[in-house]
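Participant: Residues per chain are reported as follows:
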Amino acid sequence: MPLITYREAIKQALSEEIDRDENVCILGEEVAQYNGAYKVTEGLWEKYGDKRIIDTPISEAAFSGLAIGASMLGIRPVIEMMFMSFSYVAFDQLFNNASFCRYMSGGLMNVPIVVRGPANGGTNVGATHSHTPENLVANHPGLKVVCPSNAYDAKGLMKSAIRDNDPVFVMENTLLYGEKWEVPEEEYTIELGVANTLKEGLDVSIITHGRCAMIALNAAETLAKEHSIDAEVIDLRSIRPLDEESILHSVKKTHHAVLVEENKPFCGVDAQISHLIQFKAFDDLDAPVHRVSAIDAPQIYSKPLEDWQIPNETRIIESVLKCLA
Amino acid sequence: MASKVATKKSRKKTFEKSEINLKLSKEKKIALFKTVVGIRRFEERSLQAYNQGKIGGFLHLYIGQEAVAAGIVSLMEENDHIITAYRDHGHALAVGMNMNECMAELYGKYTGCSKGKGGSMHYFAPDKRFWGGHGIVAGQTPLGAGLAFALKYKNIKGCAVCFLGDGAVNQGSFMETLNLVSLWGIPVVFVIENNGYSMGTSLKRSSAEESLAKRGEAFGVNWDTCEGHDIFEVRHKANEAMSYARDKVKPFLLEIRTYRYRGHSVADANHEKYRTKEEIETYKKNKDPINLLRKKLIADKTLTEALAKEIDQEKKVEADTATKFAEESPYPPKTEIITDVYWSVDNDEKKQLKGTYFFND
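For the record, the sequence lines run as chains A and B. Numbering-wise, numbering that gives the first Met the number 0 puts 284 at position 285 of the first sequence, and it's gapless, one number per residue. Numbering-wise, numbering that gives the first Met the number 0 puts 277 at position 278 of the second sequence, and it's gapless, one number per residue.
Please note that the accuracy of each hint is not assured.
Derived lysine to any residue pairs resembling SDA-like cross-links, with alpha carbons at most 25 angstroms apart [as the list claims (entries may be wrong)]:
no., chain 1, residue 1, chain 2, residue 2
1, B, 151, A, 16
2, A, 46, B, 151
3, B, 353, A, 56
Worth flagging that the hints you see were computed from the coordinates, not collected in a lab. Nothing here was measured: the structure is a model prediction, and the numbers come from that model.
Go ahead and model the full structure; you've got the sequences and the hints to work with.
Facilitator: Next up, the structure:
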């Protein structure tokens, strides 16, 4: 199986879907002639031309809204946010119009758009460019959101997102773009709402999503080697819809849960998951649910401190040890 | 280069004699009259229900502006689409939505056009190429551009008409959108329904340049202005704008000066404080779009006084019947709260969807 980068996997998904459906097009800042700010769309403009790969001015509200309007007439736009942080200047379009038009029309319409782009910190760019708004998206019924942690998932989830008839946010990660994973050559998709058990274990369930899943996997190996702790790692992949069954199944087996995410803790995704576990698996818990989130402050610029602010292996191991103490 | 569209200086031109209006058959002229009267009677009846406490929420009345929506909708061709903001009853009735579904929506009833999920500001009729009904000022403007983008993408000749108010021109999303549609050659006509007040703030107090359409020049968008009380003028100017958008595949900005008799919404109790009673009465007396149309249609023998009265009565009865329909209709069942949220959930007949979509304990 070929080893390809997360970036290449997304590009393959976009390219295959453009080939499959004439209504799929890509809009965003620098996506065409510049080849993408993070080179995700490199070569696509040359291959598909102006109609399918469209450079926009720096006007997130306008091109997001335009994509929503176009989708009402059957176009399936994939819009790139150079950083998911920039979705905030298109907030009304994405969080009112994309999410609620179907509802407010009593189901007369749907909005098949994909909003994709990197949503992560750890890149030494300060607070305005380091948002992880999957919790905000998940707080808006009508929207769906996925957070692929590796190249295989990125491709499979992206293809499903593009084929989905509802608006889907795909939260990517700049720190993963250059990392490689095995991705099959034959076509596949990954359904939304299905978590992935990255490592089975008996002592504690580490429930996580996005790049944190990869960090948690490393932490689990260290826990096994140095502390003889057999951790299970559940990668949610999809936040809304959410695979509650996999979470509960794992917690009922290990009786311990440590939740890891890059969100800030207050109203983060894991606040909901923590509630789910106490509500539906209360009697199975041998310890309180523990959380590792970004330290609760705006993202700091200074690199060594930012690396400490977002979840890392050390903090995950500390949290697991506390949970099992 | 973008410019104000050249029009003959003689403002005395009678627009009913322009080509697009000469094409109107007697039946079509009567239909236009029925539309404007219908909008007025529907809204008066809805106001009564609101004052009786039978409907809640916001109620942004279109009374005084009827000729704009009715005139422009009458020009829609088979591939044209429209979208507007929250003052949407007139547009909805003009495209042919019926009073029953519209009134029931105000009552929050299951028989409403959005099953009671949208309310006054959120009427939709995609089958009539009417895409809302949007609650946030200027939020609909990029959507309107998107409808027109889709036409161009699919090589369909047509245009989208996106209505907005004079307050919306000061929102960033509209200015971003004007740039985008000009840059890409998108066949959208933005119609600014300038009623002089963005909520309680007069045009003078909200816009540095009082010619709103002139802003088009900054973006290379052709523009024109129009008076909104005469439906024949609206049709004449809007036809030029829509034909331009369809034929040239380019945007157009049309500012229509109109007037609303009521407040920003019914909850706006101050509307006789930020403007004088005389101002309202003078407009009603001299420029009421319905009176003006009636006079013109009687003068050209399309209507008789008797027929005009009969139509008026017919529309009153229709509005009363709609009210009765709304009152007698059921509220949506509680199970409806979580339907129409996701297409995929609503269409999951085989129960194949994975994961949890709703997080209710």
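Participant: Tell me the hint numbers this structure goes against, listed in increasing order.
Facilitator: 3
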